[in-house]
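Asks: Next come the chains, spelled out residue by residue.
2 protein chains.
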Amino acid sequence: MERVDLIVRGDSVIPMEGSHSVIPDGAVAVKGSKIAGVGTYGEISKKFESDNVIAGEGRVVLPGLINAHTHAAMVYMRGLADDLPLKVWLEEHIWPAENRWLAPEFIADAVELAVAEMLKAGITTYNDMYFYEIVGADVAKRLGMRAVLGVGVIDMPTKTTAGADECLERAERFIKKWRGDELITPAVAPHSSYSCSPDTLSKSKALAEKYGVHLHTHLCETEGEVEEVKKKHGKTPVIFLDEEGFLGENVLAAHCVWVTEEEIEILARRKVGVAHCVESNLKLASGIAPLVEMLDAGVKVGFGTDGAASNNDLNIMSEMSTAAKLHKAVTRDPTALNAHDALQMATRWGAEAIGMGALTGSLEEGKAADIISIDIEKPHLSPQYNIFSHMVYAARASDVDTVVVNGRVVVSGGKLLSADEDEILLKARKWGEKIRAVEQGQAAS
Amino acid sequence: MERVDLIVRGDSVIPMEGSHSVIPDGAVAVKGSKIAGVGTYGEISKKFESDNVIAGEGRVVLPGLINAHTHAAMVYMRGLADDLPLKVWLEEHIWPAENRWLAPEFIADAVELAVAEMLKAGITTYNDMYFYEIVGADVAKRLGMRAVLGVGVIDMPTKTTAGADECLERAERFIKKWRGDELITPAVAPHSSYSCSPDTLSKSKALAEKYGVHLHTHLCETEGEVEEVKKKHGKTPVIFLDEEGFLGENVLAAHCVWVTEEEIEILARRKVGVAHCVESNLKLASGIAPLVEMLDAGVKVGFGTDGAASNNDLNIMSEMSTAAKLHKAVTRDPTALNAHDALQMATRWGAEAIGMGALTGSLEEGKAADIISIDIEKPHLSPQYNIFSHMVYAARASDVDTVVVNGRVVVSGGKLLSADEDEILLKARKWGEKIRAVEQGQAAS
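Top to bottom, those sequences are chains R and P.
Our numbering puts the first sequence at residues 1 to 445.
Our numbering puts the second sequence at residues 1 to 445.
Don't take each hint at face value.
Treat identical chains as interchangeable: a pair holds within one or across any two.
30 Å max Cα-Cα, derived DSBU-like pairs, lysine-lysine [what the hints assert, rightly or not]:
#: 1; residue 1: 271; residue 2: 203
#: 2; residue 1: 378; residue 2: 415
#: 3; residue 1: 378; residue 2: 434
#: 4; residue 1: 427; residue 2: 378
#: 5; residue 1: 378; residue 2: 141
#: 6; residue 1: 159; residue 2: 434
#: 7; residue 1: 230; residue 2: 271
#: 8; residue 1: 46; residue 2: 235
#: 9; residue 1: 177; residue 2: 31
#: 10; residue 1: 378; residue 2: 430
#: 11; residue 1: 415; residue 2: 427
It should be emphasised that the hints constitute simulated quantities derived from the structure, not laboratory data.
Start from the sequences, fold in the hints, and give me the full structure.
Replies: Structure, rendered in structure tokens:
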């Protein structure tokens with residue numbers, strides 16, 4: 001009998017390792033930061049014993065959810081400006097607000113709120129691109145969240161950098177500091193094909209390859225962006241990036257709303273990962289990505305929430321539910337994006353898309369212990385016929401009961417254990433009051 | 001100083017009586033089943049006193065949400081068959097299951113689950129069309145839910161009726177029994193323009209007018225249905241119903257996905273209410289209703305969940321959020337269906353669409369005390385800049401803290417007070433096991 005640190009039980013355990021299988025009365029054994037075994041409770045209890053067993057009655061156990069594209073710190077701009085034309089939203093609200101507020105203390109407090117929201121919603125890994133990732137990394141680590149943090153690279157000067165070279169130096173320092181960390185994975189995040197020159201893209205790629213880290217970029221989010229790239233480079237963004245030698249399996253491309261059939265083939269052939277940010281794309285009226293076509297072509301696609309200023313929450317269960325319904329109507333096929341595939345996107349495929357497939361995204365012996373447990377003893381989850389369907393079409397982020405990241409229990413009974421939630425809310429309220437006074441005062445003038 | 005039975009306080013009170021106004025530090029005074037006053041807490045506490053004051057810190061107070069179209073008892077078929085072609089779903093799963101299981105005991109237990117789910121999600125009125133409304137009425141009333149219950153009328157024989165005349169007799173008995181009740185409002189529900197003959201439609205209309213009750217029907221849900229009516233009657237469904245003299249302000253039409261511009265004009269001119277069932281329409285791949293065009297034409301539209309077999313929950317907050325995002329992308333206009341209008345649909349407009357606008361749907365003196373309070377002290381609702389945006393884009397059904405229907409507190413601290421939730425879940429589990437054994441056994445054979 002092997003002693004382990006934790007056993008997580010569930011009426012159903014869904015390992016998401018490729019098959020449709022559900023393990024009834026299942027359990028996951030955790031030793032240190034790793035999964036030591038997955039099976040029926042009968043099997044697990046013959047091999048492992050632990051003083052710490054999380055009960056499984058009325059619970060479904062899944063791998064932690066993957067948020068494949070976000071800007072975590074933007075939670076502090078949640079609802080600051082909505083229902084506006086994209087240009088007004090960005091140029092008159094979001095950019096000026098960023099310019100005024102972005103600073104290490106803002107990022108530290110905002111990322112803490114974002115991580116609290118995500119952990120409570122069953123997200124155990126997020127893939128970020130924003131400013132001051134060096135600050136966000138400490139926060140994510142402290143709260144016990146797994147994060148892939150992409151240091152932003154952009155040609156135009158920003159509040160914090162004079163140009164791309166400074167961004168790249170910063171990215172290299174960040175990579176050197178964090179590579180090898182158990183929870184924080186550094187990445188390089190050239191902003192997009194319209195805001196980065198061929199030279200910047202190529203230097204970003206070289207930097208990523210030098211250290212074996214992932215690239216994270218925005219791609220074909222809006223029709224206007226495609227027009228801009230066509231005007232500048234004479235070709236559409238995916239073809240442009242491919243000809244520049246940028247695309248490869250170490251690239252995560254967020255959005256991919258306006259990709260042609262030819263471009264989908266390229267994404268598949270180059271093994272590029274895609275983050276489908278369905279709610280953000282709907283809310284900003286950017287369009288509806290050809291998700292079913294991408295999946296059919298074999299592109300690796302996960303779900304991304306995008307930033308909370310355009311969504312307005314960090315909730316992969318809701319992205320999954322919206323996408324699984326929407327693409328049925330869009331394709332006029334009620335069998336499109338079935339519940340099992342939607343759940344794959346939220347877990348294993350999402351992990352693969354962001355380059356974390358070997359470590360997380362499914363419950364398998366040897367993988368990191370990133371595990372969530374959902375309370376299904378609720379009116380809206382009764383009765384129970386098909387657990388995949390319930391997880392995708394009826395479960396809510398608030399049904400998440402227990403969250404384990406890298407072997408550490410960070411949420412239990414729906415409560416955050418790794419930080420003081422009241423204090424996080426208090427800080428958010430104080431920042432909100434300050435920001436509101438300035439932004440809404442200015443907006444009104 | 002007038003003594004009242006209850007005062008519900010909120011950091012923000014949103015009365016939804018036409019303007020965009022939010023009352024900061026507001027309160028609603030309740031006397032018996034009615035609202036006695038709405039204003040700032042300062043104003044209310046000068047006029048009213050009560051031993052029962054519900055605290056308002058971190059709370060937003062709204063009128064109860066309106067579910068303008070559902071088949072409540074279908075919760076017992078939630079997730080029984082998903083991701084299937086419509087014909088297979090209906091003909092091989094839902095209809096056979098209905099045929100096997102529909103009986104008074106099934107309806108009583110299923111409606112109890114549905115009402116529990118809806119109350120906990122802040123729904124205080126639902127507009128139903130199904131079998132055995134006579135059983136559902138007792139359950140809804142016992143749990144303290146307001147319901148408009150439409151007795152189904154259909155030409156073809158069903159398990160419980162030989163034809164339309166028997167349905168109409170049953171409807172008349174139901175109306176006589178329940179008219180004048182404070183919570184239960186009877187209605188007549190001819191199923192649709194393809195399943196009811198002109199004679200049945202005209203008799204339904206006459207019956208509704210005899211007693212001054214509402215009509216509830218399905219309209220233009222699928223493209224196939226439009227083709228069927230065109231073939232049978234040589235015109236599209238709305239024009240057919242209009243020429244039959246069926247349409248009027250006492251009609252609630254569910255779905256209206258496939259309506260032409262001319263038909264939208266007719267719906268507006270006849271003051272027909274429409275239930276927009278966006279999630280069901282997406283999931284069944286029926287299509288996307290021209291909601292913005294209907295609203296622009298002046299049609300009264302609310303949200304409906306449809307039955308849980310096709311949704312898969314009874315959650316108006318989620319319908320509201322999905323619709324407000326979706327229609328931005330569909331119209332390519334990020335200002336379409338703004339948060340305030342989405343919240344109007346979920347409350348006042350929904351109440352008007354189902355003929356209950358004089359009684360509920362807004363917080364106004366003299367209206368029924370149908371009030372909900374949302375807990376916004378949560379990470380996903382922080383910080384706070386615009387409360388409408390938060391309610392539509394970020395709040396979840398699980399954030400509902402308190403629900404008052406007709407002056408009775410039926411949910412408090414998110415817990416159902418008017419019935420034993422554990423017992424409801426136990427019954428659902430038992431029915432689920434029985435149904436699964438038969439249906440999934442049969443489906444597998």
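Asks: Would you mind marking each hint as holding or not holding in the structure?
Replies: Here's how the hints hold up against the structure:
no., hint, in the structure
1, 271 / 203, "within (20 Å within a copy, 63 Å between copies)"
2, 378 / 415, "both (18 Å within a copy, 11 Å between copies)"
3, 378 / 434, "between (39 Å within a copy, 19 Å between copies)"
4, 427 / 378, "between (32 Å within a copy, 12 Å between copies)"
5, 378 / 141, "between (33 Å within a copy, 22 Å between copies)"
6, 159 / 434, "within (20 Å within a copy, 64 Å between copies)"
7, 230 / 271, "within (23 Å within a copy, 49 Å between copies)"
8, 46 / 235, "neither (61 Å within a copy, 69 Å between copies)"
9, 177 / 31, "within (27 Å within a copy, 64 Å between copies)"
10, 378 / 430, "between (35 Å within a copy, 14 Å between copies)"
11, 415 / 427, "both (18 Å within a copy, 29 Å between copies)"
Hint check: a violation occurs at hint 8 only; the rest are consistent with the structure.
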